[in-house]
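Q: Take the sequences, apply the hints, and build the full model.
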Amino acid sequence: MDALKGTMLDVNIWNFIWSAVNIIILFILLRIFLFKPINKIMNERTRTIQDNMDEAEKARQEAEELKQQYADSISNAKEEAQKIIMKAYDEAETEKSAILKKSQEEAYEIINDAGKTIENERKRIIQQAQTQIADLAIEAASKIIGENVDDEKNRRLVDEFLSAEERDN
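With positions in the sequence shown counted from 1, the corresponding number in our numbering is that position plus 1.
Hints listed in this document are in silico derivations from the structure and should not be mistaken for laboratory results. Be a bit skeptical, because a hint or two may be false.
No more than 20 Å apart at the CA atoms, straight line, and that leaves these computed lysine to aspartate or glutamate pairs for EDC-like [what the hints assert, rightly or not]:
(1) K117 / E106
(2) K124 / E140
(3) K68 / E80
(4) K41 / D52
(5) K103 / D91
(6) K124 / D160
(7) K103 / E120
(8) K84 / E94
Label-pair distances were calculated between CB atoms; the ranges are [unchecked claim]:
(9) A138 / S98: 57 to 67 Å
(10) I111 / S76: 48 to 58 Å
(11) M54 / W15: 32 to 42 Å
(12) N23 / R61: 47 to 57 Å
(13) E81 / K41: 53 to 63 Å
(14) Q62 / K84: 27 to 37 Å
(15) D91 / M54: 46 to 56 Å
(16) E81 / A57: 28 to 38 Å
(17) Q105 / A72: 46 to 56 Å
(18) Y71 / F36: 42 to 52 Å
(19) S164 / E120: 15 to 25 Å
(20) S164 / I112: 26 to 36 Å
Glycine included, each C-beta is placed from N, C-alpha and C at the ideal position.
A: As structure tokens, then:
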């Protein structure tokens, strides 16, 4: 058994206790100087990542809100543009109707004025023709009778004759 005393398989309880104490001290030292800073760094990193994710979510929500506001603005602008177009169309139709009505009134007025002018011109021409006919009739009668009769009396007779002819027609 003495031969087994110096072999590697020989278990020395003191070596085992010192090894266990060394491992416990090493674990405590690693925990204080290595695990705590690493855990602290990991927790800070986790917190930073979570903050970044929260900020990204907030930015996404703000972007969604802006997108919705933009869509609403475009929709409102389209509706407003449609209202403006319809209003302009209605105003154009009203203006068109007013212009047509005014032009028709002016046309009727021009036609009426032209009719009055034509009627006045016709009366003036008839009056002028009657005067010339009366002058010719008096001159012819004077030549037939051979003497010059009173112009005023002759003119009155011819005017009465022509007035009677107009009433008959």
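Q: Please write out, lowest number first, the hints stated earlier that are contradicted by the structure.
A: 2, 7, 11
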